[in-house]
Amino acid sequence: MKKLLLLIAVMLAAVLAVGGCGTDKAAGEHGVGKIVLRYPEALQQYGFKEPLVLDKIPQRVVSLAHTPVLALYEMGVNQVAVPQNKMFSWPDELAKNAQELNTAMNDNFDIESIVVLQPDLVILGYHAKDSYGKILENEKIPVYYVDAGHVVTYKSVKELTDVLIEAFGKDNAGADKIKECFDNLEARMEEMRKENAGKKVMVLQSAPPRHFIQNKEGTLGSMADMLGYDNVYKNTESSLALLDREQALGYEPDLLLCVGGSATAEEHQQLMEEDFAKNPDYWNSIKAIREGHVIYLPVGYIASGGIEIVDRINSLIDMLETAEK
Amino acid sequence: MKTISLFKVSAVCVVLAALIVLMSLGALTIGSADYSLKQIADAVIYGAEGPVQIVVYNLRLPRIIMALEVGACLAVAGALLQSVMRNPLADPGIIGVSAGAATAATTILLLYPAMLSAVPLFAFGGASLACVLIYILAWHDGVDPVRIILSGVAINTVLGAYNAFLQMLNSDNLSNVLAFMNGSLSGCNWEQIYVISAYSLIGLICGFVCIKSANILQLGDEMASGLGVNVSRVRILLSAVGAFLAAATVSVAGMIGFIGLVVPHIARMMVGSDYRALLPVSTLLGAFLLLAADTLGRTLVTGMEIPVGIIMAATGGPFFLYMLRKKGRVSGS
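Protein sequence lines correspond, in order, to chains A and B. Mapping to this note's numbering: the first sequence position 222 is 222, numbers consecutive. Mapping to this note's numbering: the second sequence position 227 is 227, numbers consecutive.
The following block holds chain B by itself, in its conformation from the complex (with noise of 0.2 Å):
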């Protein structure tokens, strides 16, 4: 591993910050009104009341803190993941958690939308139930990374059949099932938000815990174990805090892709594998390309959303192919 450069990170760090601080300040002022800042202060912080406080406080503020956190405790779990499955395609996907958010969603919205409210809740369950069956299934004296994905797929593969059928059966209402297949932060609220954050802080506080465990693994097994390290139980660790951060997104903004998955490439690229500079410049980085795709969504066509997930999707794809092609070889430790 390398030695990381403290100052390279710091710089790095200082200058997402400031892209998250202007990119934040941007949107609040973009959108289908543009608001000057003196608008904005005004509002947000002297509570003028009017059209500018509405659109500022209850429709652009929220969404941009969850957007930044949204980004921040994906790119975290995707990173957390590479680290276990020492896989550069490990995404939250992978451990099921976007199938069994799917899956509970999908059957609360079609078969009982009298619970409705109760949503994230059962997206939370059943995107945790996944990825614990998917454990359960890859267990074999230990936790192997292999048996993880393979097990992964075959979940995946069962749970999008049963996703498929039940939309098929219920065609005739499919709107909102799309809407959270999509990923969307439309409609986001302070009371969203509390719940969010609650969540954010303490899976970030754990996934910062596990910065030497993630390391550790990058070793690899044998010298991990000859560290004393118990490969399994910290593979399970690690798992769990970014099963746990993919489910709380999940939970409340949909299935959101590529964030978990491009941004601790383009972490390495800048800083390295050390989980050291990595976890925390995934953070940053995270949330500042999420808060930017959610505002391109919602500005791109006038009087449209587009779902952020769908904004990810396309850019990402893309982007992961050119990063191919420039690194030669992908970098998964």
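If we strip away everything but chain A, and leave its shape as in the complex, we get (with noise of 0.2 Å):
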């Protein structure tokens, strides 16, 4: 009877310290205090499946893509250099305190201003691994890639803050923020879905007289598709081609978003306007335009800035909401 009790008594001692090592199985894994980045399965597929673990909260982070900053920003990880960003501009805060780099979205930089700053972190582009990437691991930096670069999708940011918030959002009311602008966003975007199916979106991203026509994949067409918009250009080759005008013809969208390199809307629509007035009976044969339902966007719109993404998403939701009434 003692025997069988021992016994017991060991069973139960063994499921319940398997059972309390559940919810901390990652750190269990990596050890406590850890902190781990794992690669969202949008970079898994670019061969980045370990993910990087550090031992203690970076204080020297440098990151070299737009998507991360202002997450990180918003948690309080200490940047000491961001990339310098021509959309818009980085919060006060964070320009005062962070050296702006020109990285042109990690194509040619100086690796030497990087090692100089002496990171503890350093966030590139997963397109450099095997260049910079490189020269950053030999140096003994740690390095974690991610999605950068013109594109980036809604979906993509969305991953990377998930990693961010897990790796360093515990306890954190800047990561209670973002989820909670994140969740926000989510039903909005859940709503318009419901209201925007089985509409026709053109996304068009222009510099008059030329137009590039920008599939799902592109930064806007994302936004529209994630809107429930059913973009018109299928081509799945790239996310930006010229546009095809007769095939344009064919297209009838419902909704029309020209997005350029316009500082604001209002020059964009100039632009465009003067542009769709040199060929009227052309392009009064697209619906969308034909019935006024023609949205210019600012150069803003053009490359994501990560985080930045929800405040676009929504201004675009309140244009929808505003054209619709």
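No lab work stands behind these hints, which were simulated from the structure alone. Quick caveat, the model's predicted, so the values are computed rather than measured. All residues carry an ideal CB built from backbone N, CA and C; glycine is no exception. A hint or two may mislead.
What the hints assert, rightly or not - Computed footprint of chain B on chain A, listed as stretches where at least three residues anywhere in the stretch have a Cβ under 8 Å from a Cβ of chain B:
| no. | region |
| --- | --- |
| 1 | 152 to 166 |
| 2 | 173 to 187 |
| 3 | 204 to 213 |
| 4 | 241 to 255 |
With the hints in hand, could you dock these two chains into one complex?
In structure tokens:
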């Protein structure tokens, strides 16, 4: 009897030990207090399988991609350098404390200027893994790779933000605020998806007279996709292509989203309307233009800047709701 | 110089003209939707309203006219410049037209997007200024072809570096710059046709007026001087006409290469080097080839347009190599 009770007690203790460790599996696996930056699914397909594990919260982060900057800032992670931003301005406090580097989307930058900052974490676009990434890793500087470049979709931003919140967001008011913003946006987008079901959108990125059409993988195209619109341009070869004007006559979009290099929507509207006026018979053949369902957007909708995409999409939803009224 | 056979030249011109007509009719009928000649006639001649009229009259017809005019201008510019440089590799790019236009356009597109509508004007201005700069730098008691080429290389390199640097700093938003650099006739409208037609008419008339001067330059500097010709002045005049024609095309269509380089060579193979035959044949051949390339570019891939500059580069390069192998030596005069 005693032996039986002892066996039961041992088994119970073992079960409790395993169950108790369940929620801290990650920490247990990598060590308590470790910061684990796993790779989202989108990056895993590029071969980034093993998470980056840091011994402690980094104190000198150098971000060379736009995507994580604002999320890290909101969570109070100290960034000593951030990429220069031409689409919008970084928060004043961040701009004051962090050096702005002209990293030109990770294509060409001075690697020495990164190393001298003595970073304990560098966040880099995955395209640069074999070039700058290798150099930094050889210097024993931890490098975390992210989706970067001209087209970073909402999904990609969300996945990265979730990873950063997992790593840095424990008991963090900033992380809670970010989660709340995303939750609110998701709710709004869900509403929009119901309202816009079956509606078609054409997304043009233009510098008149040249127009490019975006599919749902483009920055603005992906926003429209999240809002339930069906993108008329189905070609998956490239997210952006020179507009085939003859083909465009057959699209019959319910909505036209126009984005360009102008600083304001009004400037871009003026340029587009001047171009439309040069060939009114053609442009009025496109349903959305004919019916006046056109929304003009400034340069900030061309490339993504991380979690500010939440504000962008919220603004776009506001514009769509106003246009509906 | 071989005596040209009027009959042969006329025959070549008639054949090219016929090809242009056929190609134009073909370009009117084919595209994302194919239309019959009757439908096209109804739309264009009788003004029958509907999608056919919109496509044919508002999209294809201005584009065909633009292709013909741009092709003709570039070919004539190339022919004239080959006479000036006495170099078979001369084309409008060598005198800075392309680099100057690209610099001006890139600057506006990336730094001053609010002034987009003025890109053609600035591109023309940039092309002209670059050309003037090259000739000023090349001037040394006259204008020597080698000095022009060397100055051209230097200016092209510097401007190319500036363009690359600007693109690097503004890599977020390069699609429009790339569209300009690749050269495209997409989005052509009747307003642009009126502009390019005015430029083409003036430029081509000036080009044809310069035929005698171009022929004299082919005799060599000493012979030309001996005939009482001011060689430097003639070079500058021909270069100015060539630059004007090239700048006009670059300002509306972006950078389209190989027409100015390859077409005069093909024309020489057909009718010889006498500019009385070479220039008219180059005009027609340039028009035909660019129209063919543009039609191919807009119909090759469904739903996507390949800019004509890319088509010309892809086909012009190998064809130039073929001509080199076939001829054994390149004819530059």
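Hints versus structure:
Closer than 8 Å: that is the beta-carbon criterion, and the region 152 to 166 of chain A has 0 residues meeting it against chain B, so the requirement of 3 is violated. Counting residues of the region 173 to 187 of chain A whose beta-carbon sits less than 8 Å from any beta-carbon of chain B gives 0, not enough to reach three: the coverage restraint is violated. Here's how the region 204 to 213 of chain A fares: 8 of its residues keep a CB closer than 8 Å to some CB of chain B, so the rule of at least three is met and the hint holds. Counting residues of the region 241 to 255 of chain A whose beta-carbon sits less than 8 Å from any beta-carbon of chain B gives 9, enough to reach three: the coverage restraint holds.
The structure does not agree with the numbered hints 1 and 2 stated previously, though it agrees with the rest.
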